[in-house]
Amino acid sequence: MSNKEIWVFAEQREGVLSNATLELLSEGQILAKKSGYTLCAMLLSSDDTNLLQGLYNYGAKKVYSAVDKKLAFYQNDYYSKVISDLINENKPEIVLYGATSVGRSLAPTIAVMVYAGLTADCTELDFDTEQMLLLQTRPAFGGNIMATILCPNHRPQMSTVRPNVFKKTKLSENEKGEKVAVKVDLSKVKERMRLIEETIEEMDAVDLCEAEFIVSGGRGIGGPENFPKIQALAKELGAAVGASRATVDAGWIAHFHQVGQTGKTVCPKVYIACGISGAIQHLAGMQSSDFIVAINKDPQAPIFDVADIGVVGDLHEIVPELTSQIKALKK
Amino acid sequence: MNIAVCIKQVPDSDKVTIDRETNRLNRTGVPSVINPFDENAIELGLQLKDKYGGKVTVITMGPPQAEQALRDCIAVGADDAYLITDRKFAGADTWATSYTLSLAVQKAGNFDVVLFGKQAIDGDTAQVGPGVAYFMDIPVITYVKEAEKTDKGFKVKRVTEEGYQVWEVDGQAAFTVVKEANTMRLPSLKGKMRAKSATITTWGADDIGVEEEKIGLKGSPTIVRKVFSPPIKTNRETIQNEDPKQSVKELLGKLKERKLI
Amino acid sequence: MEYFLTDEQKMIVELSRKITDELIIPERARLDQEEIFPTEILKKIAEADLYGLYIPEAYGGFGGGVMDFILAVEEFSRGCIGVSVSFAANALGIYPVLAFGTEEQKQKYLPAIAAGTKQAAFGLTEANAGSDAGGVQTTAELKGDYYILNGTKQWITNGGEADTYTVIAMTDKAKGARGASAFIVEKGTEGFTFGKKEDKLGIRASATRELVFQDCKVPKANLLGKEGMGFIVAMKNLDHSRPGIAAQGVGLAQGAMEAAIKYSRERVQFGKPISAFQANQHKIANMATEIEAARCLLYATARTIDAGIKDFSMESAMCKLYATDVANKVANEALQIFGGYGYMREYPVEKMFRDAKILQIYEGTNEIQRNVIALDAIKKSAKQDK
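Residue numbers (the numbering used here), protein chains in the order written: chain F, 580 to 910; chain W, 19 to 279; chain A, 11 to 396.
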């Protein structure tokens, strides 16, 4: 008999809960309401003092907290041992992880350990109240199709969920919750790997070819003095900065930013073309982007033919406005 | 160094189209290729071989035609290849695949390291590497960019969202390799000729001694309920307003609707 | 068209195509504009085992013939003939050793070229000896164990980049063409230096330099064949290498045509893609037909040579003449289809147009090719009358 609980893996780094965790708890609130299950978090850390309240505030009624020096940061053998034991003991219905570098590494190990189904990289979760099953929806083939996946006969049902998909909903600053202290015994787990160094890099220039977002400027930006507007938007989005051939040839920006037949071919999730008319040579380099937004004054500009959303207007007004609205959104 | 690389044959994503009526992939005429992320695993394997000597063995589970992907690996320098194929494996999800592949890897040899691509481009699940490692009871490090041998095992650089970590692993290990690690070398003429005549060992369910209830569709905890078109429409929407604030608001609304931001 | 390629030849094409698409095409504009010798690409070609295509297995090569070689050259040329000539010039530089060298010379020089660890070049042309190869003025005077070379070779492809040079010099000026001899000269030999890199209209990725010999001491053992055989070595070498130039023509034309057809499908004028206009369709039809004809002539010639037929001067000249004329015509028409865009550097046809011209000039101008063909045809007719 499984416990009627939904668990969220609470990812912490150096005593700070990740955004992905808070987003998952927020979505978990909705799933809990639909299913009637209890929303819980499982927290692995070396010290949970400053973490529990945050989890309660985002809707966790119960926190399974495993505290041990060896759990200070993600180490696959320790984490998977503690979590699989917890799952085997408590048999939750659902376990959710953020699709972060930690979640996407940890969840597959747990899945094989407890013989659970795991759906990776979900962008949508729902609950079927008739069959009492979690509906896990994820993009496949580079976002060309969506698939809804079920796990009918194995428990728990597990998903990793893309960060930044769900909205964070904080209930209040002082929600009540129950802490379940988990006994940790890692003495039998052989230490097979050790973290010996960690480096946080300042990522200022995002590589065009790897970027998920690209903001590109064309001749329509008017001059090199206006590239900072493009760069500001890019920074807000964590995007790489692209450019049309015309701007590169005019010396407004360096060649490695150039997108197009004679520049780089890119296929980000979102490509925002600002003041780019859409010469074939440019289109050749970017039209396979998953989603294209074009901002241009001229409604006849060919760039609109490949755009998913076309914004007709003055980029000098729209781009800075977009930057500030995104900034506001993040807060 | 005895190196294993697990690969997957996938349809060339550049050439796949979706039938919007049925939401099925139009696979006819679409060439199959080595999963692009697996190329990085192969190259890392070849680099380890170049540096420390030894052998690179490639293993894939898939339909009989996946043999071509293995031959392509031999053309760039892999030494041995195993094709794990059986109708009984059909419908396997990542759990059943991890289980099956782990038995095959263990039967194929005693490897110092088992390499995987970061994920496959058709499924994007990134689960099989850690899964196989667990079944083999060896440690796994994901998102590896560099690897070198140490006295006890390996030292690897692992890419994270914020930067990178350096890990030491003892003994046998499994790594999943990121794209930033390298670019796969080109095949050579001699390699291609060898690939053409090389013997590919083919194993079915009975050869690797699987438990039948753990393979294929039966062994898979997950099932696909439905497949549908994403909410993104190819027909363009136009936003045009006097007030740029309004335009931006609409734009952000549409992007949020599609979960793009 | 069915070209009846062997499995190995199909592999050569596949491999060369991959190198062209992945390495040459993305780099060609930069190599051209900045006049960069394609060292890195040549290294990759060598790693793919394609340097030794025509070199016997005994010397570390693949053991193929002209056909295998031109398939690779054709593919590379589809991307950039500046790169393909740098590759092909190795064959021109080392074939004399292969054909006329002693076993010792072959052992010494062929394996490094087959492996691609060394490059080769051929030095015949001089300021006053172009089409008139008999006018060579560089001298080689035997003194003890050395020949002392003096003179200057001009416009030598791979000059300065190559390690091994085959050089034609006069050992006996009084004998004219029969007084010429061929020598292997290694880079670094005392008295052997290079002039500055030439600034060219096209094939700007390739290196073209003067070879300067000032009392250059070449060991006696480096004489190829016998004294007085230099002119034969040179002519045989050119006969043998002309299909390579034809392959450059076919490849360049193929690349230009493909670019033009693709563009014509994308470019819309008067509400239609310009490929819908008959004026362009006829251009495409002519290009496609002539390229195919050139290729067929080229392949037939290469197979004739590989079949061991002794005299192939005429066939070799014909395929060079025809394919390079086609290349120029196609580059011109392709550029025309691109219109104004074609004249701009951002599209590759501008470079192809500039590059194509050299094909009608080097390894014997097309006028010389016509001389060869006509003389041969007349000779054959005269023979029949006897």
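Keep in mind that a hint or two might mislead.
Stated by the list, open to error - Simulated coverage check for chain A against chain W, where a stretch passes if three residues somewhere in it have a Cβ under 8 Å from a Cβ of chain W: (1) 21-32; (2) 186-192.
What the hints assert, rightly or not - Capping the alpha-carbon separation at 27 Å, the derived lysine-lysine pairs in DSS-like fashion look like this: (3) F:906 x W:167; (4) W:208 x F:814; (5) W:208 x A:210; (6) F:876 x W:236; (7) F:848 x W:208; (8) W:208 x F:876; (9) A:54 x W:208.
Think of the hints as simulated: they come from the structure by calculation, not from any bench.
Quick reminder that beta carbons are idealized off the backbone N, C-alpha and C, glycines included.
Each hint tested on the structure:
no. : hint          : result
1   : 21-32         : holds (count 7)
2   : 186-192       : violated (count 0)
3   : F:906 x W:167 : 46 Å, violated
4   : W:208 x F:814 : 48 Å, violated
5   : W:208 x A:210 : 37 Å, violated
6   : F:876 x W:236 : 57 Å, violated
7   : F:848 x W:208 : 40 Å, violated
8   : W:208 x F:876 : 57 Å, violated
9   : A:54 x W:208  : 14 Å, holds
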